[in-house]
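Visitor: Please take these sequences and the hints and turn them into a complete structure.
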Amino acid sequence: MRVLVAHNRYQFSGGEDAVVRDEVEMLRDHGNHVELLEEDNDSIRGLRGRLLASRSVFYSGQSRRRMKRAIDDFHPEIVHIHNWFPMLSPSIIMEASACGVPTVQTLHNFRMLCANSLLYRNGAVCTDCVGKSLPLDGISHGCYRGSRLGSAVITAAYAFHRLAHTWDCVDLFIAVSGFEREVLVRGGLPAGKIAVKPNFVDARATEFAGDGGDYAVFVGRLSLEKGIRTLLSAWRQGKIPFRLKVIGDGPMAGEVRCCAASSGCVEYLGPLPHENVYREMKGAKFLVFPSEWFETFGRTVIEAFAQGTPVLAADLGCVQELVTDGRTGFLFAPGNVDALIAGALRFSEGADYERMRANCRNLFLSRFTAEINYTLLTDIYNKAIETRKLRQLKS
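In this note's numbering, the protein residues as written are 62 to 456.
There's no promise every hint is true.
Stated by the list, open to error - Taking lysine-lysine and the DSBU-like style, the derived pairs with C-alpha atoms no more than 30 Å apart in a straight line are: (1) 129 - 444; (2) 129 - 258; (3) 455 - 444; (4) 193 - 254.
Bear in mind the hints are in silico, worked out from the structure with no lab data behind them.
Guide: Right, dumping it as structure tokens:
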């Protein structure tokens, strides 16, 4: 199959960029021809860059021409859009549809429903804008980077594209969890147009061995919604009998660094290459996943499962689809320091840890390998192709 993948990379590379990279590699490994149409946000600097980005959220003739050239040169059987925001713009969806190419789009976050894409405001989950055709709450609260103007631009752009039926040009949307799909449907997307396909980890990059070490590990973006402050507060109490290793980068890196400098039980390793991250996961007693927003999917959770490492997770969002309390880890109330401490102590209370490790690895092998994911993805592609054929016959 010939697949044209479109993705606007982030300034700080994260899980979404890794998913795109892994999916492209998976498709190529199975003999598919894949072409990448990529953009990045490096040009969004200064007033001119911000104005250009604001315009692109509505429409970009340049991006539309790039999409047309890519389709004319590559002749894709399907276009797979991951992230168009902001520089690729929805104009690439319009062009793919105008060219008659079946199109799918993976929704990695809640940007279609929320100005900041997180459903998170003032340190708590917020669903005020879900289901509203014109979500003015996001504007009044300045949910996009604390800017009412920026929030207004994004809100107006999405309202415009709903009225212009731009999203109707997508044959199938892909949600990465059942929980995300439910929220998207509540937000107004047609249930019949949303397929569920989780993310995956390449089993070749993992190794199941060992019995867990004397430390816990956090891997991810160091930001408030990820539960970093709750995580650090729990370890500062001095009640958890495991060291904490923190891997990642983000706006709260300085706070993590200060905590590590003043506490002998916290170690900040910074961002690490994938192979090093997997090694730290494999050697950990458990991974901590303390997110306090509606995660659409917990990639680091399945990365830990691939190593046979259980997870201590905040019970919120998609987590219950991944972590079964007492079987593949433990759950705790999100944002609750005492509950996190109590959950961590359960790993030292004689639980059947070896059985838990085996459960984690078996769950990974049964649901989250590249082979399983490839079948799910190609089924979605084929359904989108059939949907486009039916649409063309009716027109």
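Visitor: Look at each hint and say if it fits the structure.
Guide: Comparing the hints with the structure gives:
1. 129 - 444: holds, 23 Å
2. 129 - 258: Holds: residue 129 and residue 258 sit about 28 Å apart, inside 30 Å.
3. 455 - 444: The given pair, whose Cα atoms are some 17 Å apart, holds under the 30 Å limit.
4. 193 - 254: At roughly 19 Å apart (the allowed maximum being 30 Å), residue 254 and residue 193 satisfy the hint.
The structure shown violates none of the earlier numbered hints.
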